[in-house]
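Asks: Listed below, chain by chain, are the residues.
Protein chains: 2
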Amino acid sequence: MREEILGKFKKCASKVSDKIDSDAFKRGKKMGEGADGTPTKLIDQVAEETALDHLLENTDFSVLSEEAGLVEQEGDGYVIMDPIDGTNNSILGIPFYSISLAYTPVDLSEVEVGYVKNFATGDEYYAIEGEGAFKNGTSIEPIKKTSDNTFCIYLGKYALPKSGEIASRATRVRSLGSAALSMCMVAEGVFDLFYHRTPEKKKSLRITDLAASTLILREVGGEVYEGEWDILEMGISPDERKDVIAINDEDIKEELS
Amino acid sequence: MREEILGKFKKCASKVSDKIDSDAFKRGKKMGEGADGTPTKLIDQVAEETALDHLLENTDFSVLSEEAGLVEQEGDGYVIMDPIDGTNNSILGIPFYSISLAYTPVDLSEVEVGYVKNFATGDEYYAIEGEGAFKNGTSIEPIKKTSDNTFCIYLGKYALPKSGEIASRATRVRSLGSAALSMCMVAEGVFDLFYHRTPEKKKSLRITDLAASTLILREVGGEVYEGEWDILEMGISPDERKDVIAINDEDIKEELS
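In order, the protein sequences belong to chains L and P. Here the first sequence stands for residues 346 to 602, where the numbers follow this note's numbering. Here the second sequence stands for residues 346 to 602, where the numbers follow this note's numbering.
Don't take each hint at face value.
To be verified - Below, computed lysine-lysine pairings styled on DSS-like, alpha-carbon distance capped at 27 Å:
| id | chain 1 | residue 1 | chain 2 | residue 2 |
| --- | --- | --- | --- | --- |
| 1 | L | K480 | P | K480 |
| 2 | L | K364 | P | K355 |
| 3 | P | K386 | P | K548 |
| 4 | P | K355 | L | K386 |
| 5 | L | K546 | L | K360 |
| 6 | P | K356 | P | K386 |
| 7 | P | K364 | P | K386 |
| 8 | P | K546 | P | K364 |
| 9 | L | K598 | L | K480 |
| 10 | P | K355 | L | K480 |
| 11 | P | K546 | P | K355 |
| 12 | L | K548 | L | K598 |
The hints are simulated quantities; they were obtained by calculation from the structure and are not laboratory data.
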């Protein structure tokens, strides 16, 4: 069943990709036809509508989505979706924006299928619980690092001064604007760490941002933490928000603790 | 003559792009065949050799390149080149690495042709002095911003705590790892500001990083500053390094001064 769900996620991502790449959408985007007149909102709306339609037609799971909240159906379990993670990147032409889709019977701790696709590059990351994580069909083997550590740090408006201490230990820092993709790249070993901390609660992360990439990272032996190195726990809620540190190597936890 | 130089730059970029995308190169990269055994060095070497060969065969200008330094020829003027800006991104699979090529008869203040190509996406940015700046054949019209400001900030190992003050005024922060491309995106209006400051002198920027994108930015009315808002000046030297702030809107200078 889990392979079947993964197949539906792939199809769902294709539908959204086709939609936001379509000429009709691009014309609309130029005209700023979103409900509030901004192209940012327009792409979120169109992507969510497309993905939600597909999932409600093709599965009987309830769907938790970033904008629509929880849409209940009669089946057991939940699809947790962020139709566009990195909306601002998509508007600005930064090739880092993705869909994030996860299936869980209960909550974050039991995610069974996770799927993230970078719409700009076509790269697909996915995992089935207990069966490993994959990128474009190939098993993810975290790359070996040299003495350089490349830390990826999310920098919110007020997060920057606070993240100085952790960043000063990194050789390089990137801030790419998509949590789901950044965490997949921690799984790959491209980044050693993904760090998201902000005093602005509404800029913290939701389960819709995290569910798929958390499984992908766990399947290569990594982990996502909240607070003082507690394993991240999140329920099926559109409102819960958390600051996180994600790593794929326990040595980094030792070093930073 | 300037259009002819631009044509040679485009051809040069294609040659480098073909080379680093070739199967032979990719096999070599996997094997870590660089002089010091690292793929980072290998791509820099291969790109520089390819670009330098093309430029020395097809122009009579002296060439200042990141790795090779100044290679003199009998013609008047200089090509200033960074064969791969964003080497680490290219190795790590982050779609942000470019070639930067500029022509000047004298120094940074008189650059006449600037060309930057993102090898990962194929996007080409270029400008001819006095004739405007272009992206993929279309005149760059900086996008109108909403109340959101997206600042792009280079974050070196120790730069982060120091950049906190300026970053706290931004709505969003990105750190993408290629100065040339980031500055082109300031020209486009994607970013309001590019800020590079580090106490590690060897991580400051060289004319090879800056020459092409400085002209592209100037041609849309922007400017690059050093120190306390002095217009950036750099000579033909592989050793001179500067910290910079680049903006395309003088209002931002007023706000930050």
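Asks: Give a verdict on every hint.
Replies: Results for each hint:
1. Between K480 of chain L and K480 of chain P the alpha-carbon distance is near 31 Å, which puts this suggested pair outside the 27 Å criterion.
2. Among the hinted pairs, K364 of chain L with K355 of chain P is inconsistent with the structure: their alpha-carbon atoms are about 33 Å apart, more than 27 Å.
3. This hinted pair checks out: K386 of chain P and K548 of chain P have alpha carbons roughly 17 Å apart, not beyond 27 Å.
4. Restraint check for K355 of chain P and K386 of chain L: the C-alpha separation of about 37 Å exceeds 27 Å, so the hint is violated.
5. For the suggested pair K546 of chain L and K360 of chain L, the alpha carbons sit about 32 Å apart, so the restraint of at most 27 Å is broken.
6. The hinted pair formed by K356 of chain P and K386 of chain P meets the criterion: a straight-line CA distance of about 23 Å does not exceed 27 Å.
7. As the CA atoms of K364 of chain P and K386 of chain P are separated by approximately 15 Å, the hinted pair is consistent with the 27 Å bound.
8. Distance check on the hinted pair: K546 of chain P and K364 of chain P sit about 32 Å apart at the alpha-carbon level, beyond 27 Å; violated.
9. A C-alpha spacing of about 25 Å is found between K598 of chain L and K480 of chain L, which places the hinted pair at or below 27 Å, so the restraint holds.
10. Taken as a hint, the K355 of chain P and K480 of chain L pair is broken in the structure, with Cα atoms around 33 Å apart against an allowance of 27 Å.
11. Under the criterion of a C-alpha separation no larger than 27 Å, the hint pairing K546 of chain P with K355 of chain P is inconsistent with the structure, at around 32 Å.
12. The hinted pair formed by K548 of chain L and K598 of chain L meets the criterion: a straight-line CA distance of about 24 Å does not exceed 27 Å.
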